[in-house]
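Student: Make the complex out of the two chains shown on their own, each in a separate frame, by following the hints.
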Amino acid sequence: MTLEARVLADVSAFELDVELAVGAGELVAVLGPNGAGKTSLLRALAGLLPLRSGRVTLDGVVLEDPAAGIRLPSERRPIGLVFQDYLLFPHLSVRENVAFGLRARGMARVVAMGEAGRWLERVGMPAEGDRKPASLSGGQAQRVALARVLATNPALLLLDEPMAALDASTRVAFRRDLRQHLESFRGVRLLVTHDPLEAMAMADRLVILEHGRMLQSGTPADVTQHPRSRYVADLVGVNLFRGRASHDVITLADGGSLTAAGAADGDVFAVVHPRTVALYRTRPDGTPRNVWEGRAIDLDSEGDRVRVRLAGSPSIVAEVTPAAVRDLGLDRGDRVWIGVKATEINVYPA
Amino acid sequence: MALPTRSRRTPRPSAPLPIVILASAGAAFFIIPLLGLLLRTPWTSAWQQLGSPEVLTALRLSLLASLSATAIALILGVPLAWSFARLTFPGRSVLRALTVLPMVLPPVVGGVALLLAFGRRGLLGGWLATTLGVHLPFTTAGAIMAETFVAMPFLVITVEAGLRSMDTRFEDAARTLGASRWTVLWRVTLPLVRPSLIAGAVLCWARALGEFGATITFAGNFPGRTQTMPLAVYLALESNPDAAIVLSLVLLAVSLAVLIGLRDRWLGAS
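Taken in sequence, the protein lines are chains A and B.
Here the first sequence is numbered in the working numbering, starting from 1 and rising by one per residue.
Here the second sequence is numbered in the working numbering, starting from 1001 and rising by one per residue.
Please note: incorrect hints may appear among the correct ones.
[What the hints assert, rightly or not] Some but not every residue of chain A turned toward chain B, in silico, with C-beta under 8 Å:
1. Ala-46
2. Leu-48
3. Pro-50
4. Ile-70
5. Glu-75
6. Ile-79
7. Gln-84
8. Arg-148
[As the list claims (entries may be wrong)] Straight-line Cα separation of at most 20 Å, SDA-like style, residue types lysine to any residue; simulated pairs:
9. A:Lys-132 x B:Arg-1169
10. A:Lys-132 x B:Leu-1190
11. A:Lys-132 x B:Leu-1192
12. A:Lys-132 x A:Val-110
[Stated by the list, open to error] Which chain A residues stay away from chain B? Per the calculated CB distances, all over 12 Å, these:
13. Glu-19
14. Gly-25
15. Arg-52
16. Leu-215
17. Val-238
18. Leu-240
19. Arg-242
20. Glu-293
21. Leu-330
22. Gly-339
Read the hints as simulated data drawn from the structure, not as lab findings.
These figures come from a predicted structure and were not determined experimentally.
Here a beta-carbon is modelled for each residue, glycine too, at the ideal position from N, C-alpha and C.
Next comes chain B alone, as it looks inside the complex (with noise of 0.2 Å):
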């Protein structure tokens, strides 16, 4: 993915009047919230709202949440995506529908989702408590499988279409020199697609790191157990809106990180 360079473009051609108004609107409408986002941050009493416990323990649980959540990705959705990438079997399309639908689906109905299955009184809920003594709804792990529910699929996709792109016959290579397909996994097709897994992680880290409708519905809003940064930010409002324009904006640098570290996979194709 070549940057195209700025010498060979053909001279620029000029844009209708009314493209050129809309146009303006149009990125205006995403510089004046950020603008209005910087230009209210206290920054003389930034680092002390940083360092206030209520935003330390939002900004760790938060870490700890999408960390975790990233991790359980990786180890459940490359397998996944590895079985809709080479495999076929019946209702696959199906399953990989289903896999996906958390992208768009409202986060909140997935809250409510993971409610119903792993609640007190839901599909596995139940059981999980009476014969596992263990409780998701409203405690940290219920906050980390909300924001997996969520992310995942970013993972998922992106190895997807890694693996896909990738030529297998590196694979039939290393099987003619005698590795197993276990070894073929590790030591050939995911050191190809690291790039993928990479971008993946990086994007279903990022969505995790921001989710608010699934984790408040399924988790809550417990300080310190499943309030996440988000979650904070939204209650700070209220009571202490420097705490939640500070929030905002950690959230905000995180976020432009991320697009600068994927720059060549997401702006790199003009």
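This is chain A alone, in the form it adopts within the complex (with noise of 0.2 Å):
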């Protein structure tokens, strides 16, 4: 089972335009801002927001292919939604909401309340199939939701943000129960979230969405330590330059240049993460082969560490202890001598 899927689709703020594909078996997760454009990429899998143009294939059935002029609606994909505010059928009953889907695929009334009965005690919830939905809980809600699209059985599985609704402790038992039963679903299975977190406790895989775009691909380690947007280098807490290397030094393209070793020569990411960020009153004649002079902006206190924001050529954000502010005596709005190290520069083709 895959998902192969080129999504060119208008959004109200931007267009979307997203390739992906999700083989059996892996978990990918879809991370990105508000407003990346997440939602909208599941709708359109769905079939619920047309395609401009593109194609979306499962498992070698085109679902929609403009071009083509084939368009399957919603309801004869083979695919389940489950929505960040559930959207249970308020007029109906838990058990009902269940059988839904069955009973949309003709079966027989009695047939499909048993069958939602199964899946109820299969997310561990026997004994609330009588009750309305708007008497559940957050996490009990999303769990019928879960039973609701599971049951009918879908080779793609989409998850829009479940556990944003949840609280925290709530979130804790809902994303463990979560991960077994996706565990043992045998379909293509896509989660968007815009929890870094919760991404990569649950994903194979993680796509990072921003502006309608994919920005990046890769196993969750892979993408934290090599960052190729502001948004994930922000969440991995890391400061990003992109430039063009030749013979070990980057150009940036948002001004100044740093020195890198083993920089292959072409457009790179140069990652440098804040704690390798050195601080002096006056120039330093030391080591660093990188050394230039900025002003403190913000001073930010995060525990036992103080991130010091810098404008200079280039900007950047170190981390250094309170012991050390205090004796830089560093305000915002100081000047200060920045120094990196060459080797603490972590360079990759972009």
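Tutor: In structure tokens, the structure reads:
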């Protein structure tokens, strides 16, 4: 089972343009800030948002291909979509909600209700079948929503921020159960989230989406070690630079340059961890190959560390101890010398 | 739509005297006619009046016509409301304006228009009479038609508003679960807008029950055939004022019941 999708669609604020392949047994998390187009991507795959162009195939079956005039309506796609806010039908009982998809497929009411009851047991809610969704807690409601979708045995399972509406304590328990259900699910799984922890805890592969574009794709480790966007760099908490490398010198796109060891020539990303950025009151004459002057524009205390945002060429964030800040007498607006060792810069092709 | 709790109200502002006087006059303007009706009601003979054949006939016809009109409005008006709320097509706003026009149109004009369309020499009336043998003007069917014409817009706009304010992602959820559009409509959309359906139907029925102008113009005033309660009231005022008053009282009671039944909708928003 595989999903192959090239999605071009018009969303109100931007254009969605994503190419995506998800294999069987792979759990892919689409991660991105709010408004990146994550939900729109799921809606497009589900057939709720028409493609302008592109192509969606599931197991070789074309679900949508505007150029060929193919567009399978949502109700005929073998998909399941779990919504952030559950969207349980308020006028139906919990059991009727779970039976809804089966009934829609023509299953007799008695049979569908029996099957729904078994699914409710599987998600740990055997006693709640006769209740109305309004009386459920968030975690219970999302379990019912999950059962409702899994009961239809979809080939493609789409989860749209399934834990975003849950409170912290419920989330932990629900995540554990969700992972269990996802592991026993045999189809293609795609999870959308804006929570990096959730994405890394659950997914085999991350897809980073921003402004409707895919910025990066890879294993959680790969993505965090080699950020390719400001969004990911901020998530991981590192300085990300982009520039052109030539003979170990990277000319940065936003001004300034960095000297790094063993940088391949061409367009590159350079990552500098804030911990490795050293600050000096006067110009240092030691080993750092990269030394420049900047101005502290913000000091942010984070426990036993202080993050210092520095404006300069280039601008950078340093992470130092409160003692170091005291020793330097550093305050907002002060000028300070910045040093980064060439060996502390992680360079990879853009 | 929660009612504001009295305890949370800020201290009452004191009103300027002219406001108090004018507001009182305004309130009296509504209260005095109702008082007049209640005080002049022949309570002792009310039951007797209510049982008289002419009153009963008008009552029966009114119920038949107004309920039929409501049924027709539901069958035709709900799809219309759905189309206005969910579809975009050229001329939609013009069409929508035309269908709610009877709400502001003088009913007698509606009656004239119906005559010109379905009357013996009307646009469709001649054809209906010669090919189908259907005569609408001055028949009970005509009375129902006149009531539907005037009352259906109330149902359409109420249901449309309900459909617009509903979270359409419930429909999305239903479709991703494999429900056809028809199933989605029956099992999800209509149940979710049930309060609007009920309110719209009740409003429509109340309006149909009180319809006068279009009915008398298009259907005439034939006891037992087209003489509904409002028409009977108007006529009885000359010949049998007591019957007119009792009939009016019945209509008043119905209106009051509707108002109380829909109080959350109308009186809830302060």
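Student: Please go over all the hints and tell whether each is borne out by the structure.
Tutor: A quick look at each hint next to the structure:
1. Ala-46: holds, 5 Å
2. Leu-48: Cβ of Leu-48 of chain A sits 5 Å from chain B, so the hint holds.
3. Pro-50: Check failed: Cβ of Pro-50 of chain A comes no nearer than 13 Å to chain B, outside 8 Å.
4. Ile-70: With a closest approach of 18 Å, the Ile-70 of chain A hint is violated.
5. Glu-75: holds, 5 Å
6. Ile-79: holds, 6 Å
7. Gln-84: With Cβ-Cβ at 10 Å, over 8 Å, it is violated.
8. Arg-148: holds, 7 Å
9. A:Lys-132 x B:Arg-1169: The given pair, whose Cα atoms are some 19 Å apart, holds under the 20 Å limit.
10. A:Lys-132 x B:Leu-1190: holds, 18 Å
11. A:Lys-132 x B:Leu-1192: Distance of about 14 Å is within 20 Å: holds.
12. A:Lys-132 x A:Val-110: Answer holds: Lys-132 of chain A to Val-110 of chain A is near 19 Å, not above 20 Å.
13. Glu-19: Non-interface label stands for Glu-19 of chain A: nearest chain B Cβ at 23 Å, farther than 12 Å.
14. Gly-25: Given that every Cβ of chain B is farther than 12 Å from that of Gly-25 of chain A, nearest at about 22 Å, it holds.
15. Arg-52: holds, 18 Å
16. Leu-215: holds, 27 Å
17. Val-238: Given that every Cβ of chain B is farther than 12 Å from that of Val-238 of chain A, nearest at about 37 Å, it holds.
18. Leu-240: Non-interface label on Leu-240 of chain A holds, nearest chain B Cβ at 36 Å vs cutoff 12 Å.
19. Arg-242: Label holds. Min Cβ-Cβ 39 Å, cutoff 12 Å.
20. Glu-293: holds, 54 Å
21. Leu-330: Since the minimum Cβ distance to chain B is about 51 Å, Leu-330 of chain A lies beyond 12 Å and the statement holds.
22. Gly-339: holds, 54 Å
Checked against the numbered hints given earlier, the structure breaks hints 3, 4 and 7 and satisfies all the rest.
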